[in-house]
Amino acid sequence: MKARTIMVYAFMVLAAAYLLAPVLWMFVLSIMTQSEALSVPPHWIPEAPTLDNYMAFFNPSASQATMGAAAITAMPGAMLNSVIVGLSVAVANVVFGSMAAYSFARLEFRGSNALMFGYLVSRMVPAVGIMIPLYVVMQNLHLLNSLGALVLVETAETLPFSIWLLAGYFRTIPRDIEEAARIDRCTWLQAMIKVFLPMATPCLVATGVFGFMSSWGSFLYPLLFTSGSGNTTMPVIISNFATDINADYGLLATSGMFAVLPPFLLALWFQRWIVSGFTAGAVKG
Amino acid sequence: MARVQIQSLVKRFGGTTAVDGIDIDIEDREFLAIVGPSGCGKSSTLRMISGLEQPTSGHILFGDQDVTRLSADQRDVAMVFQSYALYPHMSVRRNIAFPLENMKLPSGEVAARVDRAAEMLGITALLDRRPRELSGGQRQRVALGRAIVRDAAVFLFDEPLSNLDAKLRVVMRSELKKLHSELGQTFVYVTHDQAEAMTMADRIAVMANGQVQQLGTPEDIYFRPATRFVAEFMGTPSMNMLEGTLLNNDSGAQFSLTGTVHTISLGISLATERHQQSATLGIRPESIALVAPEEGMLRGRIDLVEPLHPDIFISVDIGGQMLLVRTNTSAKPVVGDEVGLRLETGSLHLFDADGKRMDTSTAAGGSK
Amino acid sequence: MLVLLGLVAYPVGLSLWISLHKMSFRKPKDFPFVGLDNYTTALTSPEFASALSVTLKFSLASVVLIVAIGLALALLLNVPVRGRGVLRALVLVPWAIPPIVNATLWQLIFDSHVGAFNGLLMQLGLIDAYRSWLIDPNMALVIVVLAHAWNHVPLATIILLAALQAIPRELYEAALVDRTSRFRVLREITMPWLLRPIMIVMILQTMGALRAFDLFYVLTGGGPGTSTTALAWLTYQTSFVYLDVGMGSTYSYIIMIITFAVALFYIRGLYKRGDVE
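Chains as they are written, first to last, in my numbering: chain A, 1 to 285; chain B, 286 to 653; chain C, 654 to 930.
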């Protein structure tokens, strides 16, 4: 028994290393100076940790203005754009997703299968597959270079999964409780707001986080629909940065850290809810 | 405060008819139990009274007001669910206060009422807990509290005791009855447990196949079942049913038991003109006495003896039909013995081939 | 909802329409109908054949790897020992990383000049000089698969862990009473129970792998040569670099058809088990 526990812990350490090491390396790079980042063999632990790379994004003129200067200046604006798109998509997912999921969960017209199927179909359409016509559509709607286009497209792409997730969770909430609320003198809307939605909080949060993360990480759509540094989102800037052979490794790593931080904090913060939110949807499916 | 009238109520779900035209007139302050096997339409009826379900046709009146088209929140009803349906994200206090808050009562009044209800139910100590921290019995009390805190016109109960263990169920039975007399409100109580209906209700509606088989006091139901279904459903152990032929001639009605030579004189006059028809004779196990073989009206062989002291249940085989006898004799009946049976003629129930009671004037319970 | 549906349905139709034409962003006015010509061209061209094989290799390897690691992690996290909560939180780390950053991350690791992988191998004495891993045609695809899998393992783990925790305790207790060996418990109880969730994970991951694009964009750009030119990348390149939109749409339609076929295959599998609600 003892040996088994030790083995379990050994595996857990291994797993933790697998999960963490890549990000840690990026973090380490981000707090190194350019010269240390270039050292061979690499310094696993920085000798002179510095926040210069981070400062550079707020005060571009300060130090390494030459390397990837365009990316640096564009970053704050792009981050803001990403946040705006991410939050909008999250809200849209929660609002429209829960409305649709509620009807699927409560009106029993073979919802589960149809929903799963709808999800598959919409996921089946690869972004690359519809990017051309979408581009034409957005051009005609004069939505190119606008954040609205991104919100619309990202919402369309994430919504089926959200609905599927929410409907699974909603089904675990007994109908009795809603009815009790009606008996207790709530209108339908009040019953939703005071009783149903609070009970669904974990899944609503999971859905919102999922929507935010998906659009936060989305790359192809902003790459296509936006041009110029003012309108685009963070992933595009990072990719410009990453594909630039002159890029400063420390700065590149730092920009990565910036991009990782918000979803990372969200995931940690809402860890419990995300897992329990996924549980109902995924298991019952 | 509210008389509840149910008029030709019908509920269909797709192709199936759950409630098939029922009429019940519930008096103010009455405790009415609706009892029946699962799927008989009792829950649908309750849900239509509550407003959670809309009837396909028919009317429901509270007092003089037609509430048929009002939704649950517009009617003044309180309800206790089988699953209790407590709000998991609220404390017990807020659970109980919730309906009052929705009615926009002043907070002082809300607090006072919650305290009073909690005290009545003995759950004052639990007020700050969450539902998940409570036992089944405690949850049940909270659900009751959430109902009685209201001054509702009608109180509805949907099998509220079926999730409790047997002992607690008996305790709650008497508490509910006490609660009814303290509150002085109209109670409608749905259950599949005929014992609950018998012990608590002023009147009982027995339902089967979406129809009311009989509506009456517990005594009516027990001693004068209107149909064979009611007779068999109410009472444990259930009533014996003997198949046979009813002979009606000048000397009076006689019942000839299938598979035997026995004929029982019923000593009653029947409304029917027919001389001969197949029928069922019902008799409760406690209305049969064990006698010497030659003294009985029927003769049979003991098939099984179950001592459930102080009573003993004895199954007697009479020409292939089984008859259960409940007795507290001190004599030890032995399996295989030949015995005679004496039936109390005043406690015989005769049902025609359709299961309808054939009026026997000698039965107890008076006329109605 | 209708707007959103339209946003998916309309482009799908338009895409089909375009794929039957010769169209280029260079000559937007020129739009001749060519019927299935684009499709015959595609299906016979060596680029397509190579891209298809890259895509299939990538998807197969990714899905297998993700399910294997995800399952291992889920089983590990289901062992009741102290401190597993920490690891459960850590599982979410790769999940929180946007694909584009994921690409950057692995680029930094496999970099030919300063990469951590080079450094590590060197210090362990396995290589004597830094190598350009991403320029090695054999290695590039492997690296893309590893990077993709790392990013997508968490979702698989979460779903499988959730399913594991939903296994009724009585099943295990019954097994314990019956003196079943640990291995048999895994094979006879745990795995059958997990079959359905694993199927769901496989569906999600196959879809995800077939549409993967970001990694190719940053990590390899389809290279070296065409060794990592997957269908998604070929489509992008054809449409937006060579501006041959008609051909691009054809490719994208082929991706859709493949995806659809794979999905049908899985769904049939799910239905055949007869336990779909």
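The hints are simulated quantities; they were obtained by calculation from the structure and are not laboratory data.
Errors might be hidden in some of the hints.
[Unchecked claim] Stretch by stretch, here's where chain A covers chain C in the computed footprint (C-beta under 8 Å, at least three residues):
(1) 740-750
(2) 793-799
(3) 901-912
Only a predicted model underlies this, so the values are computations on that prediction, with no experimental measurement involved.
Every residue, glycine too, gets a C-beta built ideally from N, C-alpha and C.
Practice prompt. Run the structure past the numbered hints and jot down the numbers of the failing ones, going up.
Written response: 2
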